[in-house]
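*Asks:* As you go down the protein sequences, you meet chains A and B in turn.
No gaps in the numbering here: position 124 of the first sequence is 124 in my numbering, and each next residue is one more.
One rule links them: number in my numbering = place in the second sequence (from 1) + 131.
Everything labelled a hint here was simulated from the structure, so no lab data went into it.
Do not rely on the hints blindly, as some may be mistaken.
[Unchecked claim] Computed spacing ranges between beta-carbons, pair by pair: (1) 100(A) / 733(B): 28 to 36 Å; (2) 559(B) / 77(A): 39 to 47 Å; (3) 520(B) / 100(A): 33 to 41 Å; (4) 77(A) / 447(B): 52 to 60 Å; (5) 670(B) / 100(A): 33 to 41 Å.
[Stated by the list, open to error] Covered by chain B, per the in silico footprint, the following chain A stretches (three or more residues, Cβ under 8 Å): (6) 11-23; (7) 79-85; (8) 88-98.
Glycine included, each C-beta is placed from N, C-alpha and C at the ideal position.
Residues per chain are reported as follows:
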Amino acid sequence: MSKRKVLVIEDDPGIAKMLKSIFLIAGVDIVHADTGRKGLDMLGSEQIGMIICDIMLPDIIGYDILKQIRTAEKTGHIEKHTPFVFLTAFADPADIQRGMDAGADKYLTKPFAAGTLLDTIKEYMPDETNF
Amino acid sequence: MVNTMQLVFNTFSSGLLVEDADRKIMFVNKKFLNIFDIHAEPEDLTGADCAVAAQQSMHLFKDPEQFLKDAADIPLQGIEQKDQVQLADGRYFIRKYSPIFENGKLLCHVWNYEEITILKNKEDELRQQKEFFHTVLDEIPADIAIFSPQHRYIYLNKTAIKSDGIRKWMIGKDDYEYVEMRGLDISIAHDRRAKFNKAKETRQAQSWVSEHPAPDGGTNYVLRIFYPYFNAKDELEFVIGYGVNINQQKESELAVEQEKERFSTLVDTLNDGVFQMTFDAEIQLFNKAFLKMMHLGEIDITGQYRKEIMSNVYPEDKKLLYAAFDTLKETQEPQQGMFKRLNPFTGETAYIEYYIWHRHTQADGDVVAGRLSDVTERETREHSMQRLITKEKELNNLKSHFIHITSHELRTPLSVIMSSAEILEMCETQGEEVAALIDTASMTSGIVKEVNRITDILDELLMVGRIESGKIKFDPVQVDVKEYIDTITRELFLPHQDGRNLQIKVDGDLDNVYIDKSLVRHAVNNLVGNAFKYSPGKEAPELHVYEHDGQLVIEVKDHGIGIPKNELNSLFTSFYRASNVGNISGTGIGLMVVEHVAKTHNGTIKVKSKQAEGSVFTMQLPLRNK
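Model the full structure from these sequences, guided by the hints.
*Replies:* So this is what it looks like as structure tokens:
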């Protein structure tokens, strides 16, 4: 079984670069999409173990990406439940509630600690982590 | 012969007595005996002495002594005479005495008594009647004059002319002679003649009020009337003129007028407009404030209809007022509300509150009464209060929005900084293996870049603060536009972080332009930055700089999402962001700064946009700002 990857959907190049560095250190493979559309495409072409997604994206809002994924899971287009984590600057309790209601497994707010991110990966992809 | 004459004389209706020269009765007829109640045959009296007979019958006369005297004196005078005598019983007679001569010698005396009692009584009656009517006419408290068709006085009563002499003189005269005699103005005669002629021509009574100075220094008001009288043959027989003193009526009229004036003065001092109109919407009464509130000027609108009066009322409110009027008419329930009225000269709007109710008046029957109050001040205050509240709310919303957006905008660079720091720390603590994986130089430069990003946001915020407090420094210097645009675009956008290249075009030789380099850099940065930001995945934006009409034109065109038409006006408000920005980040500050830059340069900023097609922002700045 090939190693599953983390799908990062993030339009800000600075953040994307940080995430790549952190996962590189952790030994986790990632694929990066800077738009929602690209992210959804990668979900079909790659072995994805979990998704880390921004909310403010240039094309599709993060909540809608999550909804599409959950719908695909229900209809069998995606085999099983993929852990979905929002990583966003929206830090209001109302925003968090909205994200969890949309079906997210976790809601992380920016700025974030690298440790928290790594703990989250360990939680959802214990087999793929080497730390 | 004598007998035949006797029979003839006896047929006479008057009493006849003939005496001879010696005053002996020659002849007497039956009627004579009847008159004096003498019970004898006429023939029996022949030869009787007349003086004796007179003595015997004197008692039959009302004035016996006079009779006796006449009987003796008249025949002595030897001439024909005629007079009236009255008997003691009241009968009247015309006594005619005729001496008859033959060849100069007195032959006989003839006495003829003709009874005129009935005639006399009739005359008396007529005289009394005449006196009665004269008295009545004289006592009437009105001037009465009867004129001939030629306008000459036929009669005047005592009220008209007190002096008997003048009154008598006036008969047969006209007003020209009268005014000349009295030394009055001839115009009086002219006026009266004109009225007289008019009465004649129109066959109608003519009336007018003439004013005369009164003895007490006041004025006498006389109502004068010429009444033409046409007889059965339809000929003008006379004209009756009468004049009545109407001082009293005039006084009460004046009092009513004064009362009305006092009342209307009082009503005019009211700030509220009051009015009365018929149910056919015809105005009857109104005060000054009413005119003012309807903006009609100081005119008399009595008799005008609501349509004319409401010419300045807003059309939509006019409909409401008509409806209220109709409802009142139908239900008789008072109606109230408010309407707006335009001042056509200033374009200002007045807010008028109205209250109308049904009223029954003795003079006018059922009418609509109304009261108007100008509440413009209150309404304006309320409106401005409302505007302030709305503005306040808007500002509050904008503020919350701003805080939300800004915190979001700050969180992203902070994340990068924080993660970079953590990663660098890991490189330190977890040994060379980890360090080998990481490009630490890029980490530190990333930190610097994100700090700059935060600084930019903070700068923008400070800029807003400075703009709003008016503390922006304006420092125009001479620039070569081509060089200047080259420099700033290279610094800012070449290439843009998404890989697209700004299309730049600078026309003309613009080397002597005065602008504030820092401010314009801000503006261009914002406009071009926006053009990129709101056109992801589309053709690259274009920057076109040229001169037009003494202005430096900086035009930024994109092929992006565009701006909804109804939001174009709010675009330059601080923190405002169009509804279609979606997930594109931004603080809503940029365009406000751009507008400020334009204004500071005495220039303008305009936008043309079509949703889903793109926008063109055009900033025009005067070439020389010093």
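*Asks:* Taking the earlier hints as the rules, which of them does this structure contradict?
*Replies:* 1, 7
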